[in-house]
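**Student:** Starting from the given sequences, assemble the full structure and let the hints guide the process.
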Amino acid sequence: MASSVRRPGPSMCWAAAGAAALLTLTACSSSGAGGGTTDSDSTAAAGVPSDGSDGLSGSVTVFAAASLKESFTTLGKEFEKDHPGTKVTFNFGGSDTLAASITGGAPADVFAAASTKTMAIVTDGRAAAGAPVTFVRNQLEIATLPGNPERISSLKDLTKSGLKVVLCDEAVPCGAAARKALAAAGLKLTPVSYEQDVKSALTKVELKEADAAVVYKTDVKAAGDKVAGVTFPESAEAVNDYPIALLKDAPNAAAAKAFIELVTSAEGRRVLTGAGFLQP
Amino acid sequence: MTRLEASSDGAANTLAGGPRRRGLIRPGGSRKPAAARPPAALLLPALIGLAFLLLPLIALLVRSPWRGLPELLTSAAVWQALRLSLVSATAATAVSLVLGVPLAWLLARTDFPGRGLVRALVTLPLVLPPVVGGVALLMALGRNGVVGRWLDAWFGITLPFTTAGVVVAEAFVAMPFLVISVEGTLRAADPRYEEAAATLGASRFTVFRRVTLPLIAPGIAAGAVLAWARALGEFGATITFAGNFPGRTQTMPLAVYLALQSDPEAAIALSLVLLVVSIAVLAGLRDRWMTTS
Numbered sequence: 001m002a003s004s005v006r007r008p009g010p011s012m013c014w015a016a017a018g019a020a021a022l023l024t025l026t027a028c029s030s031s032g033a034g035g036g037t038t039d040s041d042s043t044a045a046a047g048v049p050s051d052g053s054d055g056l057s058g059s060v061t062v063f064a065a066a067s068l069k070e071s072f073t074t075l076g077k078e079f080e081k082d083h084p085g086t087k088v089t090f091n092f093g094g095s096d097t098l099a100a101s102i103t104g105g106a107p108a109d110v111f112a113a114a115s116t117k118t119m120a121i122v123t124d125g126r127a128a129a130g131a132p133v134t135f136v137r138n139q140l141e142i143a144t145l146p147g148n149p150e151r152i153s154s155l156k157d158l159t160k161s162g163l164k165v166v167l168c169d170e171a172v173p174c175g176a177a178a179r180k181a182l183a184a185a186g187l188k189l190t191p192v193s194y195e196q197d198v199k200s201a202l203t204k205v206e207l208k209e210a211d212a213a214v215v216y217k218t219d220v221k222a223a224g225d226k227v228a229g230v231t232f233p234e235s236a237e238a239v240n241d242y243p244i245a246l247l248k249d250a251p252n253a254a255a256a257k258a259f260i261e262l263v264t265s266a267e268g269r270r271v272l273t274g275a276g277f278l279q280p
Numbered sequence: 001m002t003r004l005e006a007s008s009d010g011a012a013n014t015l016a017g018g019p020r021r022r023g024l025i026r027p028g029g030s031r032k033p034a035a036a037r038p039p040a041a042l043l044l045p046a047l048i049g050l051a052f053l054l055l056p057l058i059a060l061l062v063r064s065p066w067r068g069l070p071e072l073l074t075s076a077a078v079w080q081a082l083r084l085s086l087v088s089a090t091a092a093t094a095v096s097l098v099l100g101v102p103l104a105w106l107l108a109r110t111d112f113p114g115r116g117l118v119r120a121l122v123t124l125p126l127v128l129p130p131v132v133g134g135v136a137l138l139m140a141l142g143r144n145g146v147v148g149r150w151l152d153a154w155f156g157i158t159l160p161f162t163t164a165g166v167v168v169a170e171a172f173v174a175m176p177f178l179v180i181s182v183e184g185t186l187r188a189a190d191p192r193y194e195e196a197a198a199t200l201g202a203s204r205f206t207v208f209r210r211v212t213l214p215l216i217a218p219g220i221a222a223g224a225v226l227a228w229a230r231a232l233g234e235f236g237a238t239i240t241f242a243g244n245f246p247g248r249t250q251t252m253p254l255a256v257y258l259a260l261q262s263d264p265e266a267a268i269a270l271s272l273v274l275l276v277v278s279i280a281v282l283a284g285l286r287d288r289w290m291t292t293s
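Sequence order for the protein chains is A and B. Oh and the first sequence: position 236 is 236 in the working numbering, straight run, nothing missing. Oh and the second sequence: position 32 is 32 in the working numbering, straight run, nothing missing.
Calculated directly from the structure, the hints in this document are not laboratory data. Keep in mind the model is a prediction, meaning the values are calculated, not measured. One should not assume that every hint holds.
[Stated by the list, open to error] Just the calculated beta-carbon pair ranges, DEER-fashion:
hint, chain 1, residue 1, chain 2, residue 2, range
1, B, I58, A, K87, 36 to 42 Å
2, A, S161, B, A140, 46 to 52 Å
3, B, A94, A, T159, 32 to 38 Å
4, A, T190, B, S278, 29 to 35 Å
Note that CB positions come from ideal geometry on N, CA and C, so glycine has one too.
**Tutor:** Structure, rendered in structure tokens:
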């Protein structure tokens, strides 16, 4: 299935040529050459200047960690504005789920994971074109009910009996990080639930079903006044690196590269740090 | 609406051995099925359809890590999830029986304004995406929900993140199957038996208990099995409403889903267990209900 969308066929290229776009033809041939070569690199670099006539078009599919939802949605809109004719489609979810669907053949152009471990699933499966780049880092924070009625001030407070705490499942980066932080603090915490991604963990607090959740700083920030954030020193022991990579079977490699360029550019950094992410 | 009713009615009848068939008048005496070869226009799609349904299951068997299977299946985590699944699906079926059979009776045997609308609403969870059902349950019975808030304040009961919450989520999704199945059987059952009992002086409840219930028993059983199977496979409403904690709310489908990300072999092994349980249910059904009556 993936092979059928891997490369635009000759007929697609001819159709694009019929539309009198020489640059598009270049894009077709460069992605047809397999991606990751210096030749296609230069094509992507040429596509970055945002003058609207860069030949980028079509849809870019980005699989991204749930915690990137707000900032990537913003960047996606900017990308579409800079490159008229493009459309960025996102699939936000647990990095492990996304990695599994990419290795399973889901048609995607870009993968941005919340940990190097989940990115490794994709690179080990030879589904990435080239080495992933770390573009941001993220730190854990405790999300509590607004006003912090349970007076939670440290990671240790979460172990109080009667407190309903949700964590991410350990297969998900935020769950792995939470486990690392708890181990660093020498604490044993029994949550009421292991959620399948960080947003579901946060939602349980937003809906007041749980008293607290260990999520990312960026999630607390994105939730606004629906939750209150409590920082804890042990989070320094469990900072996640966020890698981004172009996928080998990317149906729209040229535009995908341009999107990655945007994420790693100064503008991308501005949006991401504005959302609470740390510089790599 | 009528389509739903007809299909579940048909399902109930097939499972129950077709109580309606008795009254059927056959025109022209013996009507044997035609012995001629089926036309290719029907045979080909039929075979493709069959392959389509069977191929994934065969693939599951082919890809099963048979060598490591004993080790995977004897792990405490698997048994914990399987036991929780069986217990909660059975409890959800019991809840569905206690509440669903009277509801089906109400829909089939009484006449009240807006009955059609009530019937449509009852079947809504059938077509509603289960995750939506889970969100709705949170809004209703969550700690901060419309009703859940009072449950918490008055009785100290909170359903999310508990095994009871799993049962509630499963019953919500599974009960319509039972109601529809039982209602179909009730409509098919001859009301003259009930009328005769009533003329002999039996109260309406006695009639229900002594005449109606035995009459529709096969339909109830078929509906219960459908509901049980649906509850066993329930995923969306459960993970949304009850969360995911091993031994408490992590049922087999949740375990399969989460294992698939980290340990695909374990996921295949768990799926195999569910497949075996499903086949066992079908086999049990065949002996019990398909061959009787």
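**Student:** Does each hint fit the structure? Answer for all of them.
**Tutor:** Now the hints, each set against the structure:
1. Between I58/B and K87/A, the C-beta spacing of about 39 Å keeps the proposed range 36 to 42 Å intact.
2. One distance hint, 46 to 52 Å for the beta-carbon pair S161/A and A140/B, is violated here, with the actual separation near 28 Å.
3. At roughly 36 Å, the beta carbons of A94/B and T159/A sit within the given window of 32 to 38 Å.
4. Taken as a hint, the range 29 to 35 Å holds for the pair T190/A and S278/B, whose Cβ atoms sit roughly 33 Å apart.
The structure fails hint 2 only (numbered hints given earlier).
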